[in-house]
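Read top to bottom, the protein sequences are chains A and B. Counting from 1, position 51 in the first sequence corresponds to residue 157 in my numbering; the numbering is continuous, with no gaps. Counting from 1, position 87 in the second sequence corresponds to residue 373 in my numbering; the numbering is continuous, with no gaps.
Simulated from the structure, these hints should not be mistaken for lab results. Don't take each hint at face value.
From chain A, some residues computed to sit far from chain B (all C-beta separations above 10 Å) [said to hold, decoys possible]:
#1 Arg119
#2 Asp162
#3 Pro180
#4 Ser201
#5 Thr219
Selected chain A positions facing chain B (Cβ under 10 Å, derived; list incomplete) [stated by the list, open to error]:
#6 Tyr141
#7 Glu146
#8 Leu149
#9 Glu169
#10 Phe171
#11 Arg202
#12 Ala203
#13 Gly209
#14 Gly215
Source: prediction; values computed, not measured. Heads up, the beta-carbon is just placed ideally off N, CA and C, and yes, glycines get one too.
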Amino acid sequence: NAGVMQNPRHLVRRRGQEARLRCSPVKGHSHVYWYRQLPEEGLKFMVYLQKENIIDESGMPKERFSAEFPKEGPSILRIQQVVRGDSAAYFCASSRALDRGYGYTFGSGTRLTVV
Amino acid sequence: GQQVMQIPQYQHVQEGEDFTTYCNSSTTLSNIQWYKQRPGGHPVFLIQLVKSGEVKKQKRLTFQFGEAKKNSSLHITATQTTDVGTYFCADTGGGNKLTFGTGTQLKVEL
Numbered sequence: 107n108a109g110v111m112q113n114p115r116h117l118v119r120r121r122g123q124e125a126r127l128r129c130s131p132v133k134g135h136s137h138v139y140w141y142r143q144l145p146e147e148g149l150k151f152m153v154y155l156q157k158e159n160i161i162d163e164s165g166m167p168k169e170r171f172s173a174e175f176p177k178e179g180p181s182i183l184r185i186q187q188v189v190r191g192d193s194a195a196y197f198c199a200s201s202r203a204l205d206r207g208y209g210y211t212f213g214s215g216t217r218l219t220v221v
Numbered sequence: 287g288q289q290v291m292q293i294p295q296y297q298h299v300q301e302g303e304d305f306t307t308y309c310n311s312s313t314t315l316s317n318i319q320w321y322k323q324r325p326g327g328h329p330v331f332l333i334q335l336v337k338s339g340e341v342k343k344q345k346r347l348t349f350q351f352g353e354a355k356k357n358s359s360l361h362i363t364a365t366q367t368t369d370v371g372t373y374f375c376a377d378t379g380g381g382n383k384l385t386f387g388t389g390t391q392l393k394v395e396l
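Next comes chain B alone, as it looks inside the complex:
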């Protein structure tokens, strides 16, 4: 079955540093969604990317979809302690069932 891998698995940064997580698939992705899960919480939908090469921004977060639609990235500029959590990408597979990536756990230290 399809596998969606994310790297890195863990990332520790100092507050104010940038952070990037990468989402890669062996097969072409349909639409990519991104979610954030705070420690002890549930995943929360952030955004969906649809088009090849698409870039979307939400304040300090920049989401990008690769030209070949086989990868995506989430970049956070100047991290804050409120950014702590696990970030998941997910492929819609062209339907309604999401296949989630393995996740990147972000820790931000003061």
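Chain A with its partners taken away, still in its complex shape:
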């Protein structure tokens, strides 16, 4: 059973370009989450999705950021017109319902560097 697959592992973008981060959840997991982590800091919630639905996007900046989890294919986190402050590690996680004691399975992350 493959874990959460994220790609690319590393992404370099110039200021003003678009960044697209992909995440394929564990087979059988219907919940997908995106978190952002700055060096030496904690995990900041961005968005929680289920298939074709955004459940909670309270952690996502209103501008330039969007996320989707289509019926077919991976979840995508899209950052338009990137700025230096967007440089961070972006982790995707998936899970079953947590009320049965399951935890998140995290992907290896995408390290975004904006130059």
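Put chain B on the given structure of chain A with help from the hints.
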């Protein structure tokens, strides 16, 4: 919004010493989960605590949930170099979205 704080932020220990990280919330926690993130790696799920006063053990790791469900702790007995990493607690908030604590970074020296 809810804030989940962890102390200490950093801890350096000699191999063989014990280590404890504390997780505190201003509001009542629902269920607490603990994760470990190795340097350069991704968080890995360790355990979930549900009941007030609950204690669970995994080999040298002991996890505890406070009686009032406002705090939790992770204790490692006789640390080893393989214990190096950042330990995060996280509150489930009664749903599926986790709010992570600020983390405790553990360094173990020989």
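**Asked** Taking 10 Å as the limit, does the beta-carbon of glycine 215/A come near enough to a beta-carbon in chain B?
**Response** holds, 5 Å
**Item:** Restraint outcome when alanine 203/A is required to lie within 10 Å of chain B by C-beta distance
**Value:** At about 6 Å, which falls below the 10 Å cut-off, the nearest Cβ of chain B leaves the hint on alanine 203/A intact, so it holds.
**Asked** Given glutamate 146/A was flagged as interface, is its beta-carbon under 10 Å from a beta-carbon of chain B?
**Response** Given a least distance of 8 Å, the restraint on glutamate 146/A holds.
**Request:** May I ask you to check that serine 201/A keeps its beta-carbon over 10 Å from the closest beta-carbon of chain B?
**Result:** Incorrect as stated: the minimum Cβ-Cβ distance to chain B is 7 Å, not above 10 Å.
**Asked** Can we trust that proline 180/A is non-interface, i.e. its beta-carbon lies farther than 10 Å from all of chain B?
**Response** Proline 180/A is indeed farther than 10 Å from all Cβ atoms of chain B, at 17 Å.
**Request:** Under 10 Å, Cβ to Cβ, is where leucine 149/A needs to be relative to chain B, so tell me if that hint holds or is violated.
**Result:** It holds, given that the least Cβ distance between leucine 149/A and chain B is near 4 Å, below 10 Å.
**Asked** Regarding the assertion that aspartate 162/A does not contact chain B, is the least Cβ-Cβ distance greater than 10 Å?
**Response** With a cut-off of 10 Å, aspartate 162/A comes too close to chain B, as the shortest Cβ separation is near 6 Å.
**Item:** Interface hint status, glycine 209/A versus chain B (Cβ within 10 Å)
**Value:** At 3 Å from the nearest chain B Cβ, glycine 209/A passes the 10 Å test, so the hint holds.
**Message:** Min Cβ distance, arginine 202/A to chain B: is it shorter than 10 Å?
**Reply:** holds, 9 Å
**Message:** Just want to verify: threonine 219/A was marked as not at the interface with chain B; is every Cβ pair farther apart than 10 Å?
**Reply:** holds, 15 Å
**Item:** Given hint tyrosine 141/A near chain B, where the shortest CB pair must fall under 10 Å
**Value:** holds, 8 Å
**Agreement of hint glutamate 169/A with chain B interface, Cβ distance less than 10 Å** = Violated - the Cβ of glutamate 169/A stays beyond 10 Å from chain B, reaching only about 20 Å at its closest.
When the structure is compared with the earlier hints, violations turn up for hints 2, 4, 9 and 10 and for no others.
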